[in-house]
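Novice: Residue numbers (the numbering used here), protein chains in the order written: chain A, 25 to 511; chain B, 4 to 183.
Treat the hints as calculated values from the structure; they're not laboratory data.
Remember, it's a predicted structure, so these values are computed and weren't measured experimentally.
Ideal placement from N, C-alpha and C gives every residue a C-beta, glycine not left out.
Keep in mind that a hint or two might mislead.
Under the rule of at most 27 Å between Cα atoms (straight-line distance), these lysine-lysine pairs were calculated in the DSSO-like manner [to be verified]:
1. 186(A) <-> 262(A)
2. 186(A) <-> 167(A)
3. 250(A) <-> 381(A)
4. 7(B) <-> 186(A)
5. 282(A) <-> 303(A)
6. 55(A) <-> 167(A)
7. 73(B) <-> 186(A)
8. 167(A) <-> 33(B)
9. 274(A) <-> 226(A)
10. 174(A) <-> 7(B)
11. 259(A) <-> 168(A)
12. 55(A) <-> 146(A)
Here are a few chain B residues that sit away from chain A, every Cβ distance over 10 Å (derived from the structure) [stated by the list, open to error]:
13. 5
14. 17
15. 34
16. 41
17. 74
18. 83
19. 107
20. 110
21. 130
22. 135
23. 154
For the chain A half of the interface with chain B, some residues (derived, Cβ under 10 Å), not all of them [what the hints assert, rightly or not]:
24. 107
25. 131
26. 154
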Amino acid sequence: MSRRITIDPITRLEGHGKIDIFLNDAGDVDKAYFQVPELRGFERFAQGRPAEDMPQITSRICGVCPTAHHMASSKALDSLYHVEPPPAARKIRELIYNIFYVEDHALHFFYLAGPDFVVGPKAPKAERNILGVLGKVGIETGKKVITMRKQLRDLITLVTGKVIHPVFGLPGGISHGIAEADRQKFVEAANQAVEFGKFCLKLFDDVVLSNPAYVDYITSEAYTHKTYYMGMVDKHNKVNFYDGDLRVVKPDGAELVKFPGDKYLEHISEHVEPWSYVKFSFLKDIGWHGFADGPDSGVFAVAPLARLNAADGMATPLAQEAYDRFYKTLGGKPVHYTLATSWARLIELLYAAERIKELAADPEITDPNIRTMPTDIPTEGIGVVEAPRGVLIHHYKTDDRGIITNANLIVATQNNAARIALSVDKAARSLINKGNVDDGILNMIEMAFRAYDPCHGCATHALPGEMPLVVSVYDSGKNLIREIKRT
Amino acid sequence: MRAKPVVVGLGNELLGDDAIGLIATQAIRKECAELADFVECNLHGLALLDVLTDYGHAIIIDAIHTGRHKPGTILRFSPDDLRSIPSSSPHYASLAEVISIARRLELDFPEEIVILAVEIEGPPEIGGQLSKEVANSIPGLIERSKRTLEVWKQNAGCIKQVLKIRGPGKQQRERESLRL
Numbered sequence: 025m026s027r028r029i030t031i032d033p034i035t036r037l038e039g040h041g042k043i044d045i046f047l048n049d050a051g052d053v054d055k056a057y058f059q060v061p062e063l064r065g066f067e068r069f070a071q072g073r074p075a076e077d078m079p080q081i082t083s084r085i086c087g088v089c090p091t092a093h094h095m096a097s098s099k100a101l102d103s104l105y106h107v108e109p110p111p112a113a114r115k116i117r118e119l120i121y122n123i124f125y126v127e128d129h130a131l132h133f134f135y136l137a138g139p140d141f142v143v144g145p146k147a148p149k150a151e152r153n154i155l156g157v158l159g160k161v162g163i164e165t166g167k168k169v170i171t172m173r174k175q176l177r178d179l180i181t182l183v184t185g186k187v188i189h190p191v192f193g194l195p196g197g198i199s200h201g202i203a204e205a206d207r208q209k210f211v212e213a214a215n216q217a218v219e220f221g222k223f224c225l226k227l228f229d230d231v232v233l234s235n236p237a238y239v240d241y242i243t244s245e246a247y248t249h250k251t252y253y254m255g256m257v258d259k260h261n262k263v264n265f266y267d268g269d270l271r272v273v274k275p276d277g278a279e280l281v282k283f284p285g286d287k288y289l290e291h292i293s294e295h296v297e298p299w300s301y302v303k304f305s306f307l308k309d310i311g312w313h314g315f316a317d318g319p320d321s322g323v324f325a326v327a328p329l330a331r332l333n334a335a336d337g338m339a340t341p342l343a344q345e346a347y348d349r350f351y352k353t354l355g356g357k358p359v360h361y362t363l364a365t366s367w368a369r370l371i372e373l374l375y376a377a378e379r380i381k382e383l384a385a386d387p388e389i390t391d392p393n394i395r396t397m398p399t400d401i402p403t404e405g406i407g408v409v410e411a412p413r414g415v416l417i418h419h420y421k422t423d424d425r426g427i428i429t430n431a432n433l434i435v436a437t438q439n440n441a442a443r444i445a446l447s448v449d450k451a452a453r454s455l456i457n458k459g460n461v462d463d464g465i466l467n468m469i470e471m472a473f474r475a476y477d478p479c480h481g482c483a484t485h486a487l488p489g490e491m492p493l494v495v496s497v498y499d500s501g502k503n504l505i506r507e508i509k510r511t
Numbered sequence: 004m005r006a007k008p009v010v011v012g013l014g015n016e017l018l019g020d021d022a023i024g025l026i027a028t029q030a031i032r033k034e035c036a037e038l039a040d041f042v043e044c045n046l047h048g049l050a051l052l053d054v055l056t057d058y059g060h061a062i063i064i065d066a067i068h069t070g071r072h073k074p075g076t077i078l079r080f081s082p083d084d085l086r087s088i089p090s091s092s093p094h095y096a097s098l099a100e101v102i103s104i105a106r107r108l109e110l111d112f113p114e115e116i117v118i119l120a121v122e123i124e125g126p127p128e129i130g131g132q133l134s135k136e137v138a139n140s141i142p143g144l145i146e147r148s149k150r151t152l153e154v155w156k157q158n159a160g161c162i163k164q165v166l167k168i169r170g171p172g173k174q175q176r177e178r179e180s181l182r183l
């Protein structure tokens, strides 16, 4: 008799994820599904509103990454009104965006990788959380993260008005520049952030890479998928979060295609499954051939690991050193190990810190010319950025008064959704056999998707509540035999 | 540590009844502007650290969907009533977890937090309006918040008096006894 296992969430609102695991008669995994529910209506909500409101509205979609939506939306407005922001505005946007990256990546490293690698994947459940991480790394490190995060958020506030609801991006530029008197604050914060990035990489070295058991987890077959990778690159094919072309590399690392973001519809399509509300992005050039990896499947990945794989390197020296070491240690490019994402995230953190330093030192950053006034009639605009969780696309069409007639958002978790589904299924198959499912095994299945740092809120256009996960295990008669609430 | 308490409204104004925390906070600000600082916040998880740090007392106003009360019912909780749910992502850190982290890191965090939650008929949809039942809870939220803020103000006055007589060394003990 087969069994079914479900991982399901308790939430304030119903923005939760759910893993259903179906076992066969032998107690092995027949199929595992990762599902998220949906709150419909965002596109409809946007219709009839002035396009200029979109940076504010979309930053309220989700309380997790308002800055990424705000930035993608501002870029979509540039494109909609056919205006190019002046150099200072462009650089300040990139500066603010990299500050956001440092604080977001730092937090997520300790939260996401910490419980699995610092505390340990099979540690008692009660310790496998941020409090357990603080217990291991020490209160001083925790304070360091909190202090730096506050300092960076204060800098964002200086320019954007508010971290919570940035009022900053305008078509053709920004609303507030940087005064010469404030420049030094950015330089100081950047210096500290660079040191912090180095510290985190050292911690990863000491705690994870020096432990052969952890390296075995990272490189194990259960967490490996040979898919395509997509990431934004600058003109030298180096990682960039704010601007550039989207580059896709094949599972063997060779470039498949490189295209400007406004051509996304020619390369990205969406697949619908009856069991999920998420539309699964796939590469049009290859086509949808089911949930499979390999060169014949259009499934691709975004986010830190994908960005590193899709680029030829990092644009700053320390991050480039870390990048080289990453590929040397893990056996060359591309790296297909999902759990290496946590390491990639730290390399990106260091890059973002170095990039803040470069931009803060740029003489042009304090130029008061920060706005190109739009004069054209708006038509259609597409804005693309790398959100911390991957490629984020905003696409608006308007009437000639700039009133939205059509809005389409392709968010990072949606781009990763097919690979996440693959990962959950593969980890479940690899780790569960003969009906043996304990808490440690379920945690290791969760690790398979946690590495992506999925944010179900905007993937389903829903507001996420508290954490979203319930695992249910069903037998071959579809009877629920075990349910674990990740609470 | 700031002298005034803080009133934090949580929610999302795009999501109908989920906006009650934000709308109620605006209304309370009008009535009690002198008694507290006010923050309207649609971030969640660990971002709450930023808004609560440095305050001694806090009121949090939010929507809740328990399915056990009529929509518009005001429920009062203390952080002890919340289960401490360790989450797997900072997106979803619960208030109880945020408090645990703040305590562990020895941050200046409110020693007293009152949570006023309004039952809503969830889950809300994007673009919805505040329902009549939930909107009707606003006067009650104002009254309860005002009462709590006034008690805190009175107690703070008492502490100052006591400190004048006995000196600052007994501050903590006095605070404790006054709370009891």
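Novice: Would you mind marking each hint as holding or not holding in the structure?
Specialist: Hints, one by one, checked against the model:
1. This hinted pair does not check out: residue 186(A) and residue 262(A) have alpha carbons roughly 30 Å apart, beyond 27 Å.
2. A threshold of 27 Å between alpha carbons decides the hint, and for residue 186(A) with residue 167(A) the separation of about 23 Å falls inside it, so the pair holds.
3. Between residue 250(A) and residue 381(A) the alpha-carbon distance is near 35 Å, which puts this suggested pair outside the 27 Å criterion.
4. Straight-line distance between C-alpha atoms of residue 7(B) and residue 186(A) comes to about 21 Å, which keeps the hinted pair within the 27 Å bound.
5. With a CA separation close to 23 Å, the supplied pair residue 282(A) and residue 303(A) stays within the 27 Å bound.
6. For the given pair, residue 55(A) sits about 43 Å from residue 167(A) by alpha-carbon distance, which is inconsistent with the 27 Å threshold.
7. A threshold of 27 Å between alpha carbons decides the hint, and for residue 73(B) with residue 186(A) the separation of about 36 Å lies outside it, so the pair is violated.
8. This hinted pair does not check out: residue 167(A) and residue 33(B) have alpha carbons roughly 36 Å apart, beyond 27 Å.
9. For the given pair, residue 274(A) sits about 31 Å from residue 226(A) by alpha-carbon distance, which is inconsistent with the 27 Å threshold.
10. For the given pair, residue 174(A) sits about 21 Å from residue 7(B) by alpha-carbon distance, which is consistent with the 27 Å threshold.
11. Taking the CA atoms of residue 259(A) and residue 168(A), the gap is about 35 Å. The hint is violated against a cut of 27 Å.
12. Proposed proximity of residue 55(A) and residue 146(A) is supported: the alpha carbons are some 24 Å apart, at most 27 Å.
13. The Cβ of residue 5(B) sits about 15 Å from the closest Cβ of chain A, beyond the 10 Å cut-off, so the non-interface label holds.
14. The Cβ of residue 17(B) does not lie farther than 10 Å from every Cβ of chain A; its closest approach is about 5 Å, which violates its non-interface assignment.
15. With a least CB separation of 23 Å from chain A, residue 34(B) remains clear of the 10 Å interface cut-off, as annotated.
16. Remark: the non-interface label on residue 41(B) is consistent with the geometry, its nearest Cβ contact in chain A lying 13 Å away (cut-off 10 Å).
17. Chain A leaves residue 74(B) outside its interface by the beta-carbon criterion, the shortest separation being 14 Å against a cut-off of 10 Å.
18. With a closest Cβ-Cβ approach of about 17 Å to chain A, residue 83(B) is found to remain outside the 10 Å limit, as its non-interface label requires.
19. Non-interface call for residue 107(B) relative to chain A: violated, since the shortest CB-CB distance, roughly 5 Å, does not exceed 10 Å.
20. With a closest Cβ-Cβ approach of about 7 Å to chain A, residue 110(B) is found to fall inside the 10 Å limit, against its non-interface label.
21. At the 10 Å boundary, the C-beta of residue 130(B) falls inside the reach of chain A, the nearest C-beta of that chain being 4 Å off.
22. No beta-carbon of chain A comes within 10 Å of the beta-carbon of residue 135(B); the shortest separation is about 20 Å.
23. Under the 10 Å C-beta cut-off, the non-interface status given to residue 154(B) relative to chain A holds; the minimum distance is some 28 Å.
24. Residue-level restraint check for residue 107(A) is violated (minimum Cβ-Cβ distance to chain B is 27 Å; threshold 10 Å).
25. For residue 131(A), the shortest C-beta to C-beta distance to chain B is roughly 5 Å, which falls under 10 Å, so the interface hint holds.
26. A least Cβ separation of about 6 Å between residue 154(A) and chain B falls short of the 10 Å threshold, and the interface hint therefore holds.
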